[in-house]
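Chemist: Residue strings, one per chain:
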Amino acid sequence: MVFSSNVFLLYFLPLFLICYFVCPKRFRNYVILLFSIVFYAYGAPDFILYLLGSTVANFYLVKMMRKTEKPGLKKLYCALAIIVSLGLLVYYKYANFLIDNINALIGIFGANAIRMAKVLLPIGISFFTFQSITYVIDTYRGNNEPMEKLTDYIVYIMMFPQLIAGPIVRYCDIEGEIRHREYSANEFLQGFNRFIIGLSKKVLIADVIGFQVDKLLAGDLAIMDSGTAWITIAAYTMQLYFDFAGYSDMAIGIGKIMGFHFPENFDNPYNSASITEFWRRWHMTLGAFMRNYLYIPLGGNRCSKRRMYFNLWVVFLLSGLWHGASWNFVIWGAYHGLWLVLERMGLKKFYEAIGKAPSVIITFIIAMVGWAIFRIEDLNQAFTFIGRLFAFDFSTFSISADAQFYTTLIVALLFSFVALFPFGKKLQDAVFYEEHTLTGTVILWVIAIFMLLFCLGALNAAGFSPFIYFRF
Amino acid sequence: MKRLPNILRFVTVAFFLILMLQTAFQFISLKSLKGFTNKKEAPKFTYENYVKGTFQKDFEAYNKERFGFREWSLRLYNQYIWSCYHKTHNGWIDIGKDDWLYESEFVRDHYESMMYKYTSDSAEMKRRFDETAENLFKLQEILKTHGTYIFVNMIPGKDVIYPEYLPENTKYTHTDGIHAYDYYKKRFDELGVNYIDNVEWFKHLKGTVDYPLFPKTGTHWSNLAATYAFDSIMRYMESLNGMNMLNVNIGEKYADKVREPDDDLEQLFNLALPIKPNKHYYADVTIIPDTTAVKPTLITIGDSYFWTISYNFKLKQLFTRYPYWYYNSTIYFDPDNNSTKDINLLQEIFNADYIMLNYCTVQLYKLGNGFIENAMTLLYDEETQTPVSQEVINMIQHIYSDKNWLNDIKTKAEKNKISLERQVALDAKWMINNQQ
Chain A
1 MVFSSNVFLL YFLPLFLICY FVCPKRFRNY VILLFSIVFY AYGAPDFILY
51 LLGSTVANFY LVKMMRKTEK PGLKKLYCAL AIIVSLGLLV YYKYANFLID
101 NINALIGIFG ANAIRMAKVL LPIGISFFTF QSITYVIDTY RGNNEPMEKL
151 TDYIVYIMMF PQLIAGPIVR YCDIEGEIRH REYSANEFLQ GFNRFIIGLS
201 KKVLIADVIG FQVDKLLAGD LAIMDSGTAW ITIAAYTMQL YFDFAGYSDM
251 AIGIGKIMGF HFPENFDNPY NSASITEFWR RWHMTLGAFM RNYLYIPLGG
301 NRCSKRRMYF NLWVVFLLSG LWHGASWNFV IWGAYHGLWL VLERMGLKKF
351 YEAIGKAPSV IITFIIAMVG WAIFRIEDLN QAFTFIGRLF AFDFSTFSIS
401 ADAQFYTTLI VALLFSFVAL FPFGKKLQDA VFYEEHTLTG TVILWVIAIF
451 MLLFCLGALN AAGFSPFIYF RF
Chain B
1 MKRLPNILRF VTVAFFLILM LQTAFQFISL KSLKGFTNKK EAPKFTYENY
51 VKGTFQKDFE AYNKERFGFR EWSLRLYNQY IWSCYHKTHN GWIDIGKDDW
101 LYESEFVRDH YESMMYKYTS DSAEMKRRFD ETAENLFKLQ EILKTHGTYI
151 FVNMIPGKDV IYPEYLPENT KYTHTDGIHA YDYYKKRFDE LGVNYIDNVE
201 WFKHLKGTVD YPLFPKTGTH WSNLAATYAF DSIMRYMESL NGMNMLNVNI
251 GEKYADKVRE PDDDLEQLFN LALPIKPNKH YYADVTIIPD TTAVKPTLIT
301 IGDSYFWTIS YNFKLKQLFT RYPYWYYNST IYFDPDNNST KDINLLQEIF
351 NADYIMLNYC TVQLYKLGNG FIENAMTLLY DEETQTPVSQ EVINMIQHIY
401 SDKNWLNDIK TKAEKNKISL ERQVALDAKW MINNQQ
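If you read the protein sequences in the order shown, they are chains A and B.
The opening residue of the first sequence carries number 1 in the working numbering; numbering runs sequentially from there.
The opening residue of the second sequence carries number 1 in the working numbering; numbering runs sequentially from there.
Because the hints were derived from the structure by calculation, they are not lab data.
Honestly, I wouldn't trust all of these hints.
Claimed, not checked - Pulled a few chain B residues facing chain A out of the computed Cβ check, cut under 7 Å:
(1) Leu-4
(2) Arg-9
(3) Leu-76
Note that this is a predicted model, so its numbers are computed, not measured.
Every residue, glycine too, gets a C-beta built ideally from N, C-alpha and C.
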């Protein structure tokens with residue numbers, strides 16, 4: 001189930017809100033638990049038992065790890081808990097990829113291919129695996145006590161707002177709120193507004209742009225003119241951002257409605273003046289996870305320069321692979337790793353010299369080219385497309401898509417860059433983070449209700465094509 | 001006022017509850033959306049469907065058509081894309097210049113030909129047109145001997161009369177398609193088929209009248225144009241057999257608020273606000289009393305252009321019966337019959353004084369929608385290439401009037417994989433031959 005579906009908006013969310021607020025506070029975690037299981041089981045019935053099973057196993061392994069006094073045994077339990085989580089991730093997410101590549105390799109030497117039934121990917125596995133790892137490691141490090149109640153732990157892992165697409169919430173960030181949280185009407189309304197903002201980003205911007213992007217990329221990329229290629233990749237850049245950030249907004253919004261404070265996942269990433277900064281603003285919770293649980297344990301930057309470059313590459317190669325089991329994601333990760341290394345080798349000084357605006361433009365272009373690799377799975381096609389970007393062939397360029405696409409794209413670009421300017425930042429803070437006056441609260445609420453109906457219309461208008469009369 | 005956030009929180013949850021209840025029970029009655037769609041049925045929940053994910057997919061699609069306050073939210077969104085981008089999600093409609101609306105089929109017929117919907121082979125299309133025209137002429141001659149007059153009423157499409165507002169052609173590339181109207185007109189003249197050519201007449205009228213022959217936001221001929229046209233059609237019917245029908249008086253035209261179906265395409269946009277229309281003209285029709293006049297029976301077979309006539313004329317006062325066999329399928333204006341599948345075809349035909357095949361240029365490609373073929377199967381002997389005898393006709397009527405016998409023949413037809421009419425004709429002929 002996704003947030004921008006009729007089933008979620010018309011049945012699941014209303015039922016959840018009613019049950020949640022009607023229930024006494026002490027039972028509300030059970031309501032979350034029940035609805036989260038239904039949420040996951042509705043969309044991925046095959047995997048609900050796997051998810052529950054691995055979660056329960058982790059809970060008890062961590063409990064045993066905490067109980068034992070022996071450091072060796074502690075390490076063993078920790079390793080075991082991580083292996084359970086990561087092992088399942090590797091199997092479900094990467095088994096097909098590994099087998100395909102092994103077969104390709106041994107095929108060169110004439111060996112018979114290894115046969116294995118295609119493994120289906122449990123939705124959200126990348127997110128809940130990382131959350132369970134934060135629990136294991138943070139508890140191992142002694143940063144926090146393990147959960148006492150199994151149900152509370154399942155709530156942490158399976159809480160439906162962030163279950164399938166993040167943000168990746170570290171255990172230590174939310175532990176307290178799982179045990180006890182405050183409920184305020186203002187926070188509820190902020191959460192509701194945030195949810196509607198996210199829904200609007202997804203339905204009114206990302207989906208509209210995405211429809212056209214799919215059509216443009218379905219054509220022959222080798223003969224695409226450079227103008228169309230740049231519009232296509234700019235559009236995809238916006239689609240991806242508004243889709244993902246929209247989903248994060250919805251998750252954070254529902255979290256707030258429930259009394260939770262999930263970490264922010266995006267902070268105007270396209271306003272970054274370097275790729276290093278971009279990764280502090282884009283999918284921030286993944287960046288934080290990679291930093292805390294991979295980069296720093298590898299030595300981080302408290303080591304030789306060579307080692308640091310190596311660490312960066314490893315982190316970004318794995319980060320690429322985390323996004324999907326395909327070579328284009330690996331290359332995309334390596335591409336970003338390369339820019340990070342280059343920035344540390346001196347490119348950053350160049351950016352400082354040319355000033356913020358040119359740096360932002362260069363970084364945006366680098367990010368866009370990266371998204372071409374990310375979006376086009378076939379690497380030959382991806383590089384053909386990038387070739388067309390830099391062919392500077394505008395001879396056959398014509399604007400053929402409809403006005404809605406272009407208008408939405410321009411609006412998306414404006415929203416993406418508005419925070420570069422002081423008034424834009426002020427506006428954004430006012431809408432997202434600040435307490436509102438009573439009048440402001442009412443106005444925003446009315447707009448939110450209007451936008452909810454509007455988004456429902458947008459979600460469902462596409463297929464509605466009635467006839468005047470029935471025909472035979 | 002400090003309680004306001006609490007009140008809003010309560011109202012928000014209540015709003016979601018109402019949204020859910022409205023989705024499930026539709027307890028608030030809202031102005032329904034216009035147009036017909038093939039409605040999805042609620043999917044059945046089974047464990048297998050659920051695990052496969054088909055239930056979830058179907059349930060989502062089902063709710064797409066019935067979510068709470070759908071009428072408001074779709075109109076709101078449709079208005080947004082229309083006002084801001086001049087777009088519609090309705091795939092059957094093309095937006096022309098100056099907001100003139102056209103059904104996509106008419107645009108296609110104008111720029112290439114609707115024949116490509118049926119075949120891409122011009123020779124094959126011609127063969128089908130020839131066959132239909134020749135059969136129609138034979139049928140016309142047979143029916144005349146039984147006192148029934150059949151004729152074709154050819155009506156222009158909006159594209160034919162107002163091509164200047166059509167959208168630019170961006171998708172149609174075939175230029176050598178045959179147009180049904182052009183071909184039939186030539187063949188009807190050669191064969192002597194009865195027909196009324198509203199196409200040429202409307203083209204001529206366009207420059208001489210001060211009212212629109214087609215409304216800007218509708219697809220059918222305008223209410224006023226159809227009114228004048230049907231008056232002429234009645235006079236044409238009289239000329240076929242010399243019958244004295246009632247006359248009508250068409251009053252002075254006047255501008256008025258839009259009436260059905262003059263904005264039928266706009267209605268399908270399901271907007272919140274109306275599109276600025278051109279003026280809609282109407283005239284009141286009154287029947288001139290005449291005690292010597294006859295009220296004939298008229299069967300109309302064809303497309304939706306007859307609806308416009310039915311809205312403006314008191315057909316009940318002009319005709320004894322006036323069944324409307326919509327695309328030769330569903331029957332309207334006939335209290336005894338609902339579908340052409342369940343009628344005694346010959347009885348209906350022989351009881352009628354006139355049969356009007358009422359088709360616009362886009363629908364002419366399927367002239368008769370099988371009626372001509374079915375009637376010819378019953379009335380014409382392919383073997384001898386002559387009309388069937390009165391004895392066979394009587395036997396056919398007898399079969400149709402005997403429900404049990406007809407049901408047996410239906411079963412036989414299905415088994416032999418031939419049409420019911422063919423099987424009835426074969427059995428009737430066999431009966432007559434065996435009696436002899």
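Chemist: Each of the hints needs a verdict: does it hold here or not?
Modeler: Going through the hints against the structure:
1. Given the 7 Å rule on beta carbons, the hint for Leu-4 of chain B holds: about 5 Å separates it from the nearest Cβ of chain A.
2. A hinted interface residue such as Arg-9 of chain B counts as satisfied when its beta carbon comes closer than 7 Å to some beta carbon of chain A; here the least separation is about 4 Å, so the hint holds.
3. A distance limit of 7 Å between C-beta atoms decides the matter here; for Leu-76 of chain B the minimum to chain A is near 5 Å, and the interface restraint holds.
Hint compliance for this structure: no hint is broken.
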